[in-house]
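**Student:** Based on the sequences and whatever the hints tell you, model everything.
Residue 1 is where the sequence shown starts when you use the working numbering, and the numbers rise one by one after that.
Rather than coming from a laboratory, the hints here were simulated on the basis of the structure. All figures in this text were calculated on a predicted structure; none of them were measured in a lab. Yeah, the Cβ is synthetic: ideal placement off N, Cα and C, and Gly gets one too. Honestly, I wouldn't trust all of these hints.
What the hints assert, rightly or not - Label pairs and their calculated CB-CB ranges:
#1 E22 - K99: 15 to 23 Å
#2 M1 - P69: 28 to 36 Å
#3 T104 - A67: 12 to 20 Å
#4 G119 - D78: 26 to 34 Å
#5 S40 - P69: 16 to 24 Å
#6 D31 - P66: 14 to 22 Å
#7 E61 - K2: 12 to 20 Å
#8 Q71 - S40: 15 to 23 Å
#9 D73 - S40: 17 to 25 Å
#10 D6 - V122: 28 to 36 Å
#11 D9 - G47: 25 to 33 Å
#12 M1 - N117: 35 to 43 Å
#13 D10 - S68: 21 to 29 Å
#14 D73 - M1: 35 to 43 Å
Claimed, not checked - Each computed DSSO-like pair below joins lysine-lysine, with the alpha-carbon atoms no more than 30 Å apart:
#15 K99 - K76
#16 K50 - K76
#17 K2 - K25
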Amino acid sequence: MKTAKDYLDDANAVVTRIPTEEAIKLHGADDGIWIDVRDSSDIAKTGTIKGAQRLPRGFLEFAADPASPHQKDFMKPDNKYYLVCGAGGQAALAGKTLKDMGYTDVTNVGGVPDWKNAGGPVED
1 MKTAKDYLDD ANAVVTRIPT EEAIKLHGAD DGIWIDVRDS SDIAKTGTIK
51 GAQRLPRGFL EFAADPASPH QKDFMKPDNK YYLVCGAGGQ AALAGKTLKD
101 MGYTDVTNVG GVPDWKNAGG PVED
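**Tutor:** Written out as structure tokens, the structure is:
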């Protein structure tokens with residue numbers, strides 16, 4: 001039986017996590033798409049990274065699949081993605097899912113609280 005730690009270990013093995021300070025420097029510096037994978041109630045409580053798309057982890061597969069009627073226009077396997085959540089775990093798991101679906105350039109930037117504490121740009 002796999003544990004939550006096993007899933008996180010698997011995700012962290014394939015999804016690069018960068019330090020918050022590095023992520024802040026990259027924000028707006030390239031054509032990467034920033035995605036907050038938390039649910040809307042969590043985002044409403046804390047805000048999110050400025051300009052981030054909101055794509056709950058529970059809807060990710062549908063939004064990322066070109067064959068799905070729920071596929072989002074900004075979800076294309078060749079785009080660059082920066083994922084954020086509350087602490088980094090959900091972003092890692094979401095990133096692994098995207099990699100499994102053929103998305104090649106996926107980065108975990110950790111949690112919104114770290115982003116805010118480091119002075120990264122935010123929005124409600």
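**Student:** Give a verdict on every hint.
**Tutor:** Against the structure, the hints:
1. E22 - K99: 15 to 23 Å: holds, 20 Å
2. M1 - P69: 28 to 36 Å: At 34 Å between Cβs, range holds.
3. T104 - A67: 12 to 20 Å: holds, 18 Å
4. G119 - D78: 26 to 34 Å: holds, 31 Å
5. S40 - P69: 16 to 24 Å: holds, 21 Å
6. D31 - P66: 14 to 22 Å: Roughly 20 Å apart at Cβ, these two residues keep to the hinted range, so it holds.
7. E61 - K2: 12 to 20 Å: holds, 19 Å
8. Q71 - S40: 15 to 23 Å: holds, 19 Å
9. D73 - S40: 17 to 25 Å: This hint holds: roughly 19 Å between Cβ atoms.
10. D6 - V122: 28 to 36 Å: holds, 33 Å
11. D9 - G47: 25 to 33 Å: holds, 30 Å
12. M1 - N117: 35 to 43 Å: Given range 35 to 43 Å: holds, Cβ gap about 36 Å.
13. D10 - S68: 21 to 29 Å: holds, 24 Å
14. D73 - M1: 35 to 43 Å: At roughly 39 Å between Cβ atoms, M1 and D73 fall inside 35 to 43 Å, so the hint holds.
15. K99 - K76: Judged against 30 Å, a Cα distance of about 12 Å means the pair holds.
16. K50 - K76: The given pair, whose Cα atoms are some 21 Å apart, holds under the 30 Å limit.
17. K2 - K25: Judged against 30 Å, a Cα distance of about 36 Å means the pair is violated.
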